[in-house]
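*Asks:* If you want the building blocks of each chain, they are given just below.
There are 2 protein chains.
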Amino acid sequence: MNGLLDLVEKTLDEVLPREDVRPRELSAAMRYAVGTGGKRVRPLIALGAAIAAGGRAGDAAYPAAAIELLHNYTLVHDDLPSMDNDEMRRGKPTVWKKFGEVNAILAGDALQALAFSAAAKTPKNAAKVVAALAEAGAGVVAGQVEDIAATGDTAYIYEHKTADLFVAAAAMGALAANADGVSLSSLKSFALNLGLAFQYEDDLLDGDSPYSREETERLAAETTATAIRSLEELPGDASILKNLASRLLGRNV
Amino acid sequence: MNGLLDLVEKTLDEVLPREDVRPRELSAAMRYAVGTGGKRVRPLIALGAAIAAGGRAGDAAYPAAAIELLHNYTLVHDDLPSMDNDEMRRGKPTVWKKFGEVNAILAGDALQALAFSAAAKTPKNAAKVVAALAEAGAGVVAGQVEDIAATGDTAYIYEHKTADLFVAAAAMGALAANADGVSLSSLKSFALNLGLAFQYEDDLLDGDSPYSREETERLAAETTATAIRSLEELPGDASILKNLASRLLGRNV
Numbered sequence: 155m156n157g158l159l160d161l162v163e164k165t166l167d168e169v170l171p172r173e174d175v176r177p178r179e180l181s182a183a184m185r186y187a188v189g190t191g192g193k194r195v196r197p198l199i200a201l202g203a204a205i206a207a208g209g210r211a212g213d214a215a216y217p218a219a220a221i222e223l224l225h226n227y228t229l230v231h232d233d234l235p236s237m238d239n240d241e242m243r244r245g246k247p248t249v250w251k252k253f254g255e256v257n258a259i260l261a262g263d264a265l266q267a268l269a270f271s272a273a274a275k276t277p278k279n280a281a282k283v284v285a286a287l288a289e290a291g292a293g294v295v296a297g298q299v300e301d302i303a304a305t306g307d308t309a310y311i312y313e314h315k316t317a318d319l320f321v322a323a324a325a326m327g328a329l330a331a332n333a334d335g336v337s338l339s340s341l342k343s344f345a346l347n348l349g350l351a352f353q354y355e356d357d358l359l360d361g362d363s364p365y366s367r368e369e370t371e372r373l374a375a376e377t378t379a380t381a382i383r384s385l386e387e388l389p390g391d392a393s394i395l396k397n398l399a400s401r402l403l404g405r406n407v
Numbered sequence: 155m156n157g158l159l160d161l162v163e164k165t166l167d168e169v170l171p172r173e174d175v176r177p178r179e180l181s182a183a184m185r186y187a188v189g190t191g192g193k194r195v196r197p198l199i200a201l202g203a204a205i206a207a208g209g210r211a212g213d214a215a216y217p218a219a220a221i222e223l224l225h226n227y228t229l230v231h232d233d234l235p236s237m238d239n240d241e242m243r244r245g246k247p248t249v250w251k252k253f254g255e256v257n258a259i260l261a262g263d264a265l266q267a268l269a270f271s272a273a274a275k276t277p278k279n280a281a282k283v284v285a286a287l288a289e290a291g292a293g294v295v296a297g298q299v300e301d302i303a304a305t306g307d308t309a310y311i312y313e314h315k316t317a318d319l320f321v322a323a324a325a326m327g328a329l330a331a332n333a334d335g336v337s338l339s340s341l342k343s344f345a346l347n348l349g350l351a352f353q354y355e356d357d358l359l360d361g362d363s364p365y366s367r368e369e370t371e372r373l374a375a376e377t378t379a380t381a382i383r384s385l386e387e388l389p390g391d392a393s394i395l396k397n398l399a400s401r402l403l404g405r406n407v
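These protein sequence lines map, in sequence, to chains A and B.
All residue numbers for the first sequence refer to our numbering, where the first residue is 155 and numbers rise by one.
All residue numbers for the second sequence refer to our numbering, where the first residue is 155 and numbers rise by one.
Next comes chain A alone, as it looks inside the complex (with noise of 0.2 angstroms):
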């Protein structure tokens, strides 16, 4: 895993702006905004697709950088004061909190243009993997609007908030790794449940969940062995992914 771990940060390095490039402060921002070290989850996704689908992890490095921008920038926007009003997140003061809200905005915009920059360097099917990655950014748009409108319709947020970018991920690197279409759709079929257990967890782990205690262990727990289900006929090694998944489920950060 510390290989492919190793590839996401090495990737995410040489697609973001260098410090020193104008305008400073928004080069200083987007780096901030996407650290290092973090799970990177959405990224090994992708990676883990590519290898599942037959491939090989370089072939999905872009369109894991790719995830990772597009999915920094959807937390940079939700944490302005307008939205969900953040100061904190993993443990360092938001992006708006730290830079300001003008270039958080603008932070989060330049995000997500180099998202798909990073999208159209695919070497194989690169605008089959933009289009993935254009789908779940108007999805996850859309659960966002739908969770602060506080419709209550958890299955709709869910879905979109969080599945579309965990779809969108085991998509891009499947495409990536010229995947046929089975594969392709078991793979999506991974990640959607995928993201609903990693949904639940987080419930779980806030002790916010519209469901009981016990209700949501079960759902997270089912959705998890679905996904891992998901995973019994590709043509490569799905070991990645299935330990990906035994891995969110129970974690505890």
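None of these hints come from the bench; they were simulated from the model.
Heads up, some of the hints might be wrong.
Pairs involving identical chains hold if they fit within one copy or between any two copies, as the list cannot separate such chains.
What the hints assert, rightly or not - List of simulated lysine-lysine pairs, DSBU-like, C-alpha gap at most 35 angstroms:
id: 1; residue 1: Lys252; residue 2: Lys278
id: 2; residue 1: Lys396; residue 2: Lys252
id: 3; residue 1: Lys275; residue 2: Lys252
id: 4; residue 1: Lys396; residue 2: Lys275
id: 5; residue 1: Lys396; residue 2: Lys251
id: 6; residue 1: Lys246; residue 2: Lys278
id: 7; residue 1: Lys193; residue 2: Lys282
id: 8; residue 1: Lys278; residue 2: Lys251
id: 9; residue 1: Lys164; residue 2: Lys282
id: 10; residue 1: Lys275; residue 2: Lys246
id: 11; residue 1: Lys193; residue 2: Lys396
id: 12; residue 1: Lys275; residue 2: Lys193
id: 13; residue 1: Lys164; residue 2: Lys193
id: 14; residue 1: Lys396; residue 2: Lys164
id: 15; residue 1: Lys164; residue 2: Lys275
Given the coordinates of chain A, work out where chain B should sit on it, guided by the hints.
*Replies:* Frame of chain A; chain B shown alone:
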């Protein structure tokens, strides 16, 4: 020109979510932001570049829609209370004024994703078209950061805040028509100079040029002339771009 404008409106209407697509307030805000019947300068540059490169307007329909979506997302975010705090645009309330600040941030975010979705649908050279759009997407944010920071570097701000989108429009149209390298480069030079001319004209209209009126008029005329000269050796019909440049010089809206 009317046939081209129809193609732009038709393609925008095709890619934008229907008003009844959930969440409805997001779909409505996105459609409101893009509007109908504007000048559509950037889409016309994309279509005109495709024709001037020897292709057909239809080759560049998605790039044309994509650049307009990206342009409109930047306007939605520029108008925000924390940015320029503008309440009116094109004689109507701005998106945040009509739909609220949160929906304006999110509608802008979704429009950027949609721009890349449209670009990825380009029949030829989609990945290169996406890369050109992403480069402009990053550049326009850099221009906005320096504009808000009031660095006073007019050349930098004009190039990035305005000309980057013009250049991307021309490059995307040319790439979509499979332009050769020389044509691509001529069309980008046309668009860069037209973008600068457009910005000088804007300053004259708004009365806030950093230069004297005479100097601004001279700069606008000179960059327009340079733009038109860039069109001399193209394989296709450059009259659309030439007419566009003449119309923009001395426009009064």
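*Asks:* Against this structure, judge whether each hint is valid.
*Replies:* So, going through the hints one by one against the coordinates:
Taking the shortest alpha-carbon separations for Lys252 and Lys278, neither the intra-copy value of 38 angstroms nor the inter-copy value of 43 angstroms comes in at or below 35 angstroms. For a Cα distance limit of 35 angstroms, the shortest separation of Lys396 from Lys252 qualifies neither inside one copy, at 37 angstroms, nor across copies, at 47 angstroms. Only within a single protomer do Lys275 and Lys252 lie at most 35 angstroms apart by alpha-carbon distance; the minimum there is 31 angstroms, versus 38 angstroms between protomers. For the identical chains of this complex, Lys396 and Lys275 are neighbours both inside a copy (28 angstroms) and across copies (34 angstroms), given an alpha-carbon limit of 35 angstroms.
For the identical chains of this complex, Lys396 and Lys251 are neighbours neither inside a copy (37 angstroms) nor across copies (48 angstroms), given an alpha-carbon limit of 35 angstroms. For the homomeric pair Lys246 and Lys278, neither the shortest alpha-carbon distance inside one copy (37 angstroms) nor that between copies (44 angstroms) is at most 35 angstroms. With identical chains, the CA atoms of Lys193 and Lys282 are at most 35 angstroms apart both within one copy (26 angstroms) and between copies (31 angstroms). In this homomeric assembly, Lys278 and Lys251 never come within 35 angstroms of each other (Cα to Cα): the closest approach is 39 angstroms inside a single copy and 43 angstroms across copies.
When the C-alpha separation of Lys164 and Lys282 is checked against a cutoff of 35 angstroms, the pair qualifies both within a copy, at 24 angstroms, and between copies, at 23 angstroms. For the identical chains of this complex, Lys275 and Lys246 are intra-copy neighbours only, at 31 angstroms inside a copy versus 39 angstroms across copies, given an alpha-carbon limit of 35 angstroms. Only within a single protomer do Lys193 and Lys396 lie at most 35 angstroms apart by alpha-carbon distance; the minimum there is 16 angstroms, versus 53 angstroms between protomers. Proximity of Lys275 to Lys193 under the C-alpha cut-off of 35 angstroms is found in both arrangements, the shortest distances being 23 angstroms within a copy and 33 angstroms between copies.
In this homomeric assembly, Lys164 and Lys193 come within 35 angstroms of each other (Cα to Cα) only inside a single copy, at 15 angstroms, whereas the closest approach across copies is 43 angstroms. With identical chains, the CA atoms of Lys396 and Lys164 are at most 35 angstroms apart within one copy only, with a shortest distance of 24 angstroms there and 45 angstroms across copies. Taking the shortest Cα distances, Lys164 and Lys275 sit within 35 angstroms of each other both inside one copy (15 angstroms) and across copies (30 angstroms).
Consistency with the previously given hints fails for numbers 1, 2, 5, 6, 8, ordered from lowest to highest.
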